[in-house]
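Protein chains: 2
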Amino acid sequence: MRILVTGGAGFVGARLSREILRRGQLGGREVKELVIADLFPAPADLLADARVRGYAGAMLTQGQLLASGFDGVFHLASAVSGECELDFDLGLRSNLDSTRLLLDSIRASGKASRFVFASSVAVYGPEQGNPMPERVSDTHLPSPQTSYGTHKLMLEYLIADHTRKGYIDGRSARLMTVTVRPGKPNGAASSFFSGIIREPLAGVATTCPVDASVSHPVSSPGTTIAGLIRVFEADRQDIGARLALNLPGLNVTVGQMLAALEKVAGKVVRERVRFEKDERIAAIVGNWAKGSSADRAAALGLHADASFESIIEQYIADCRSQPGYPAEALRGL
Amino acid sequence: MRILVTGGAGFVGARLSREILRRGQLGGREVKELVIADLFPAPADLLADARVRGYAGAMLTQGQLLASGFDGVFHLASAVSGECELDFDLGLRSNLDSTRLLLDSIRASGKASRFVFASSVAVYGPEQGNPMPERVSDTHLPSPQTSYGTHKLMLEYLIADHTRKGYIDGRSARLMTVTVRPGKPNGAASSFFSGIIREPLAGVATTCPVDASVSHPVSSPGTTIAGLIRVFEADRQDIGARLALNLPGLNVTVGQMLAALEKVAGKVVRERVRFEKDERIAAIVGNWAKGSSADRAAALGLHADASFESIIEQYIADCRSQPGYPAEALRGL
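Protein chains in written order, with this note's numbering: chain A, 266 to 598; chain B, 266 to 598.
Don't take each hint at face value.
Note: identical chains are not told apart, hence a pair may lie in one copy or across any two.
Pairs of lysine to aspartate or glutamate, DMTMM-like flavour, derived with a Cα cap of 25 Å [said to hold, decoys possible]: (1) K532 / D583; (2) K430 / D369; (3) K430 / D362; (4) K542 / E464.
Simulated from the structure, these hints should not be mistaken for lab results.
With the hints as extra help, turn the sequences into a complete structure.
Here's what the structure looks like:
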């Protein structure tokens, strides 16, 4: 099989690529070639694998690459929420136009690729007459409050229509907020969901910009990637008629996250986090899902992380073994 | 005010344009110029009005026209359902790309035009786990079963995002099936909803391809156009946070339509319609909304046609007074 991972140099994409290479097969078929397309070059460990071909640069310039056709596609490449809010045209180009090009190319290749689209919990939002429930279900009426969420939702429907016509075999997996991310705080409104765990473990004091009662559905990178692969491997009839589904999320409050940190890493580590409300961030987060349910993912055998403790433990294990985690990540432990 | 009507040479668009010219104002502001853009030239009676400027040709070639900015836009231009199913690229180009160009142009003009998008009841569809209710409400979860419905839904969300950013003042009105349309049967699966009234009134025998029990939400052209204008004139706060709403539909069975025909035009006219099931058309229509509700339109003071009799009477009056209705339309009466 020949597989394409777009956004394959990013945090989730690189980890997904590693897992596909480690398994060596998808749905029992050998992965002979893994094409990683991203704005940035893929990490060295991936490029060192003989099965990997890396392409760096905007997808819109890679018509020739895309025209070759693939047995399977994981489409993760996307301008993120903050970027789209700052630069409306960038969002339209990176999300809508690039995906159109990808879908047009696959259709022209005549190979109806198995196609997993990484959608997002950002398709949901509150609105007059349709407030957010405690848990957004697979069939809660979406109402995105960002350009990013708007593009994700539009593309879910475009992918469903391509599938209906038989041009691809598509499905859209709505990712929950992935935590704990390695690296630096990045200015995204969701950054603190990783920061309040990552920074104290690295021995760095940090602030939490929202109240301890704020609740949100999160997922570890490992659980997220297992979900993407399971959705890829699922038979079409097991996906059902509606092709977009929630991946499982652990519904957790900020207070519970910090309690888990104390349990796993101790009181000293926990006390490196101080509450300092940022009204701007609190207002943004106030529009987000407080929790989610994922009945259809559960029917595919997918479940949320067992606890936030286990998510922190996964992060600590990753810092010791995974590429892309900085050496000083556990300096505070 | 300077107003643009795209698709303004079509059946609904031309009639909307006539009504705007007749009123001479929208929301109390004088309409000084009405630009009609369509693939085809606008009808002569419209072009004869000194306030009208007509542009014929694909919207994608009219960048200069669009770049000039408008106070208000009614965006009706669209490839229809049957065309999109036959030619996937045509649908993408005529619906998605053209609307992107229009929205990009308006944004570049810096005038946040009042913008009414003609969406469609075709955004709704049945699916596993989410069957169609007796009446689709404003907040029923859409699941389009055609490319046409897919494009309409995607554009509703794109228009909502442009509005959120302040680039336009947008709202999307989901049109019900408009009947009675003048002219010839056109091969669209919905054609018979007009044909079973229009043909017998013209003295022509015709067939009905579905059972008498088939139910569907319909609207006269007059009621549809009144809805589009009301949605245009409504204050933003009266529209609410969700910018897409159902226009009112009269929920009526085919049997009730024919009974109304007999009541208005007599038994001889009614008997020109013979039931002859077409399994292909019946299957398509089986995926359509059986009825609709329109609570938010009602809050704007909009109501469905009072009866199907009144819809037929409107058609008969139109045949006697409106341009675009052929001389032989009432030959069978």
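Okay, the hints, checked on the actual structure:
no. : hint        : in the structure
1   : K532 / D583 : within (22 Å within a copy, 80 Å between copies)
2   : K430 / D369 : within (13 Å within a copy, 29 Å between copies)
3   : K430 / D362 : both (20 Å within a copy, 20 Å between copies)
4   : K542 / E464 : within (17 Å within a copy, 69 Å between copies)
This entry satisfies every hint, going by the numbered hints stated previously.
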